[in-house]
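Quick note, the sequences are listed as chains C and V, same order.
FYI, in the working numbering the residues of the first sequence are -4 to 256.
FYI, in the working numbering the residues of the second sequence are -4 to 256.
Please note that a few of the clues may not be correct.
The list cannot tell twin chains apart, which means a pair is met if one copy fits it or any two copies do.
Cut-off 27 Å, straight-line C-alpha distance, at most; resulting in silico cross-link-like pairs (DSSO-like, lysine-lysine) [claimed, not checked]:
| # | residue 1 | residue 2 |
| --- | --- | --- |
| 1 | LYS202 | LYS241 |
| 2 | LYS185 | LYS73 |
| 3 | LYS234 | LYS202 |
| 4 | LYS166 | LYS234 |
Calculated from the structure, these hints are not laboratory results.
Values in this document were obtained by computation on a predicted structure and should not be read as measured data.
Listed below, chain by chain, are the residues.
2 protein chains.
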Amino acid sequence: MPRRNTPDHTIDAFHRGGFFLVQPAHKGHRAGMDAMLLAAMVPDDFSGVLADLGAGAGAAGMAVLARCAIARATLVEKSAEMAGFARQSLALQQNVRFRDRIEVLEADVALAGAQRRAIGLQDRSFDFVIMNPPFNSSQDRRTPDAMKAEAHVMEDGLFERWLRTASAILKPDGRLALIARPQSLADILKALANRFGGIGIVPVLPKPEAAAIRIIVTAERGSRAGLSIWPPIVLRDGKSQDFSVKAAALINGEASLTTDN
Amino acid sequence: MPRRNTPDHTIDAFHRGGFFLVQPAHKGHRAGMDAMLLAAMVPDDFSGVLADLGAGAGAAGMAVLARCAIARATLVEKSAEMAGFARQSLALQQNVRFRDRIEVLEADVALAGAQRRAIGLQDRSFDFVIMNPPFNSSQDRRTPDAMKAEAHVMEDGLFERWLRTASAILKPDGRLALIARPQSLADILKALANRFGGIGIVPVLPKPEAAAIRIIVTAERGSRAGLSIWPPIVLRDGKSQDFSVKAAALINGEASLTTDN
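Next up, chain C with everything else stripped away, as it sits in the complex:
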């Protein structure tokens, strides 16, 4: 992703120049492959309202709207600084085509009930929720910088709180996609139970014969369908450092990946 450097932020191209993101240059969570793979789980013909929970600078939500021409999105981000980067991204001339379809909401995804509604997340108001939650467990080595730590350190019960919110704000047959580390699978399935069904798991392998470094999990609100495990996305399948054809298409917004049968 080519980058133009400025003192405190960068402007990074995604989808081979299809849209651009203003991001903190030296601190905070910088978006990349994970956000693009997550966005690829929304079907091409999606035309509803999307919530990107823990949106950071808005990479995943913008990637969905860059591909789904009439969809709308709300980016929900707790950090005022990251929400500010999302607003700067939307102000870029290169992103003008979805500027009017995206709203930035500075709010804590973990809020519940009346507090959640008060900050603007209404019950049963979204067709699709995506989330790329903070992914380092609190037992992992702490990252030095505070904003980066906020984005990366997983608190106990995070999936329970975030999926409670996702379930509440989705319409009855709304869909969910999240990207996380395999280590979180048991917590994710526990938090999905009794809220979501039709769970699909897509392992993301760095190369053909290596263990997954990420899992993408999809689900449908209120569904009673069983769990499925899908063929993996293999990021690099040869000896070169290039992405595989399939991974590149997903990361660059040229294909979507659905886990419906």
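Got chain C; can you put chain V on it based on the hints?
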């Protein structure tokens, strides 16, 4: 697997004729690929004591001992008729090399505490437990024949009871492998929690771009290591009906698959 028919049972070759199994001809659960893949999760150099829980006619346990020359096994099977087939298999001249290393125990895996110890399953007495539990949920269409139904119909809480037994009878650092349907993953992870760690999941795909039809789950008793998802076993990778090279090697006892890093 070539078969010689007789009125009420068949004698089936496994591991390309490496060992033979006496099985009911027309009813009951007949062993095949699942049992062979499960057995492949035990490393070649395993030399301890194995328990095959819900062993049926003993396919998986015998497959381990056919490959691991000095290991010993206890086959635990509730059905008197299936346990009888296991004993007939051990009596075959072709299986003589592991006859003295296998014990058949007619017992219900779901028993707990003193009852379980009384029937011969002592606490902390096994190095490895394998299980291929009944896999149809009670909501599925019932199979017509009673013995087959007993082998295939999953009761609620089955994984909780079977993994409670596995945890109890394993030595402190003992290992577990099971094969199940993907739909059971949440139940399995819930029952493993607080008993096992270092969980590894291997999806079994019928072909490269299809959802998994089975999962193999491995774990270590008392481990605190995180969960991993491994590259899938792809059963058939071409247009022919032949097994892939990797699947054939595992099914025929020519390779084992470990999920240690």
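Hints the structure fails to honour: 4
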